[in-house]
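Student: Since the structure of chain A is already known, use the hints to place chain B on it.
Protein chains: 2
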Amino acid sequence: MSRFPLDETHDPAATSWVVGAAEPDTDFPLQNLPFCAFSVGTETPRIGVGIGRMVLDITAAAEAGLLDLAEAEAAACAHPVLNPLMAMGPAAWQRLRRALFRLLHKDAPAPWRTEAAVSCLVPMAGLRFHLPVAIGDYTDFYASIDHATNVGRMFRPDQPLLPNYKYVPIGYHGRASSISADNRPVHRPTGQRKRPDDAEPSFGPCRQLDWELELGFLIGTGNAQGESIAIEQAGAHLFGVTLLNDWSARDLQAWEYQPLGPFLAKNFATSIGPFVVTMAALAPFRIPAHVRPESDPAPLPYLFDPADQAEGGFAIDVSVELRSATMRAASGQFDHITTVGFQHMYWTAAQMVAHHSSNGCNLQPGDLLGSGTISTPDPAAVGSLLELTRRGQAPITLSSGETRSFLQDGDEVRMTARAHRDGARSIGFGRCEAVIVG
Amino acid sequence: MSRFPLDETHDPAATSWVVGAAEPDTDFPLQNLPFCAFSVGTETPRIGVGIGRMVLDITAAAEAGLLDLAEAEAAACAHPVLNPLMAMGPAAWQRLRRALFRLLHKDAPAPWRTEAAVSCLVPMAGLRFHLPVAIGDYTDFYASIDHATNVGRMFRPDQPLLPNYKYVPIGYHGRASSISADNRPVHRPTGQRKRPDDAEPSFGPCRQLDWELELGFLIGTGNAQGESIAIEQAGAHLFGVTLLNDWSARDLQAWEYQPLGPFLAKNFATSIGPFVVTMAALAPFRIPAHVRPESDPAPLPYLFDPADQAEGGFAIDVSVELRSATMRAASGQFDHITTVGFQHMYWTAAQMVAHHSSNGCNLQPGDLLGSGTISTPDPAAVGSLLELTRRGQAPITLSSGETRSFLQDGDEVRMTARAHRDGARSIGFGRCEAVIVG
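Line order of the protein sequences matches chains A and B.
Take the first sequence: its letter number 304 is residue 304 in this note's numbering, and every next letter is one higher.
To convert, take the position in the second sequence, counting from 1, and add 438; that gives this note's numbering.
If you're looking for bench data, these hints aren't it; they were derived computationally from the structure.
Possibly wrong hints are sitting among the right ones.
Stated by the list, open to error - EDC-like, lysine to aspartate or glutamate: derived pairs with alpha carbons at most 20 Å apart:
(1) A:K166 to B:D449
(2) A:K166 to A:E294
(3) A:K166 to B:D635
(4) A:K194 to B:D734
(5) B:K544 to B:D636
(6) B:K544 to B:D449
(7) B:K544 to B:D445
(8) A:K106 to A:E8
(9) A:K106 to A:D197
(10) B:K604 to A:D198
(11) B:K604 to B:E732
(12) B:K544 to B:D463
(13) A:K106 to A:D158
(14) B:K604 to A:D11
(15) A:K106 to A:E200
(16) B:K544 to B:E446
(17) A:K106 to A:D198
(18) A:K106 to A:D11
(19) A:K166 to B:E638
(20) B:K544 to B:E509
(21) A:K166 to A:D296
(22) B:K604 to A:E200
(23) B:K632 to A:E200
(24) B:K604 to B:D734
This is chain A alone, in the form it adopts within the complex (with noise of 0.2 Å):
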């Protein structure tokens, strides 16, 4: 028995009478709902839900009564950030789910509702994103044991993984202030670094400009500080998830690390993608977590669930999409870098829950854990340049004819992912995109 089951709004023969929504490939089909937060020309950011090729203004449908709610989750449906509303737990997320799912329902029981619901939509293209969640903390992980053994081999050859990786799921603490969900441009950072053959440091524009792919897990409810989440019930705390690109400067992060991890390296931007895809919609796609080798030491027990190994993991590809200036001129066109698969990760969802609150540190309403970068056994499937290029020894070719080790002025990074597995309505995440500028 799943703990986290399907319902009618996971039913694949459900359709939206909202444009857009029934087209295969759309990444908003009526079983996706994904939050957003979003503007119009100088409005304040209002929440709002992906649906086809439209946002349902989340707010505006609440106030209109078009959603059966509780008072106090229409009252959370009011502000401009989802933290209200996350606090509240799952069974007021799925209260909201189940209304949405019915106002938008092609098979609507109330046409007068869904007359009213036409002046709540507002055409995606165009819009203005925000950040749907105040992220009070970031934490980011390094749950893929592909990436952690590819980096690893180039900094410490001699010792790819560290003896503390399949005991304990590593995480840092990452910088909230940067992290930004309307696809804003990414300014080429500066800072010391340091070529082996260099006697001294210089200060410079970052010459190893990367992307990380990842995708970020969002807490719905916390825990007090001093207590800890059980990893049976982490999973009842997480929301949903984003896409997450937690860029990097190589050669800072090269000169800086020791021995307090990445700093300047990786704080001058963070972005995540527009949309919160949420565990609720998540729940088709959940698949069993990696088998660790027989070899691999067993989680500690605070780490080990039987139902967290069965449907901790999820069938979701994750993918990178490269275009530079001078494709931007001419076709236009992105080139496909990557797809990587999310059921590779070594740690789950909750194992990071878990984890990162077994020491009694509070999570939040809001808090933002990355997954860390996503890579696989296939060295062409792995998400970032550094781990693709082997740190730059072996450029890659773009369609123009030019090459990249790291990311050049102009260069667009676009990051998209699908859930997809047999007897499932498959869906998207949206883009998240950004254009560096030096």
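Tutor: Same frame as chain A, now just chain B:
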């Protein structure tokens, strides 16, 4: 010519009419005026300023028209945290400081104001304190070369001080959610511990719980993402300083910290003092920065400012006291454990700000920058038990006859600090204290 000139508010002869403010050893003479957030009973927090044995309710004083402030400044005083005031910048901070100074001066020019101010005073004893600032991001630096060397010697005997230390003001992101200013108890964290002879890690209560004696610098005005703060400007972005105890679980830290730095070993709790001593109050205590030995590299240009070298240090002594449960039940007295001088720090606060923002990372009002553990070349004047006891090899003996390698349940740690210098009225930071609970 100093960037931090003295004015009437630094006159060492000035005294206040408030009870206790004229006592020679008070932390809170008229020259200090440190900020706090407090509540009485179950009231919501309000911002205040420490004076003698009292706290002046700034919100009430501003509302009563007792402070010569512009309308926007008075409105900023009505919030339960200092952030709106901090965002207004040094000119507003200075107007508020002067207005408070004049109101509380024993020769205040307007007697009616003095009489009205009495009703805005509450006794400090018995107040509940709260975080005076909403801390968006917390960064912990590592600015004591003696601490870095002492710790490095234990973990990397072959290379105590890493090659980047003298070039990079090393720092890492900490956890904002678990910072408190109310002297609440600290729960002993649980986590993975692995002794050198253990074949595998085990999960259980921390066996090596430690304090870290630091000062915390609070950002007043920030910078836009993609821009940086020049070191010459950095001082104007700093609002104030607080005591900071960066509680550390040494056994968790030793096992988890590679390759991404400390995580659960630190994020279970960070205690700051209830009071923020402003940079304005600290102007008389500015001294030259630590002088680098000739053999050390010069700071890179973005970290070098002759004025900062001339007045970027602070004449502040910071102390730790300890009391066990046994001592509490007997005399009630604390043992003085150590006092360290802040003038030994290798990197200045201005260098931390310039470095932190050098890559375009956006600092925001209320961000907290920890100095890192304050140690000195004297093995008895170091900021952690780890260093004092040489990782437990040389336990300290308390006045009760008990010994300590690391902290036991029931132990209380108290941190205090005094700025003092010839010709200036000495000021203090209040007490940052907490008891360990199992």
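Student: All hints are to be evaluated individually against the structure, with a verdict given for each.
Tutor: Tested hints:
no. : hint             : verdict
1   : A:K166 to B:D449 : 61 Å, violated
2   : A:K166 to A:E294 : 12 Å, holds
3   : A:K166 to B:D635 : 18 Å, holds
4   : A:K194 to B:D734 : 17 Å, holds
5   : B:K544 to B:D636 : 65 Å, violated
6   : B:K544 to B:D449 : 13 Å, holds
7   : B:K544 to B:D445 : 17 Å, holds
8   : A:K106 to A:E8   : 14 Å, holds
9   : A:K106 to A:D197 : 66 Å, violated
10  : B:K604 to A:D198 : 16 Å, holds
11  : B:K604 to B:E732 : 12 Å, holds
12  : B:K544 to B:D463 : 18 Å, holds
13  : A:K106 to A:D158 : 60 Å, violated
14  : B:K604 to A:D11  : 61 Å, violated
15  : A:K106 to A:E200 : 66 Å, violated
16  : B:K544 to B:E446 : 14 Å, holds
17  : A:K106 to A:D198 : 65 Å, violated
18  : A:K106 to A:D11  : 13 Å, holds
19  : A:K166 to B:E638 : 11 Å, holds
20  : B:K544 to B:E509 : 26 Å, violated
21  : A:K166 to A:D296 : 7 Å, holds
22  : B:K604 to A:E200 : 11 Å, holds
23  : B:K632 to A:E200 : 37 Å, violated
24  : B:K604 to B:D734 : 7 Å, holds
The structure is inconsistent with the numbered hints 1, 5, 9, 13, 14, 15, 17, 20, 23, although it conforms to all the rest.
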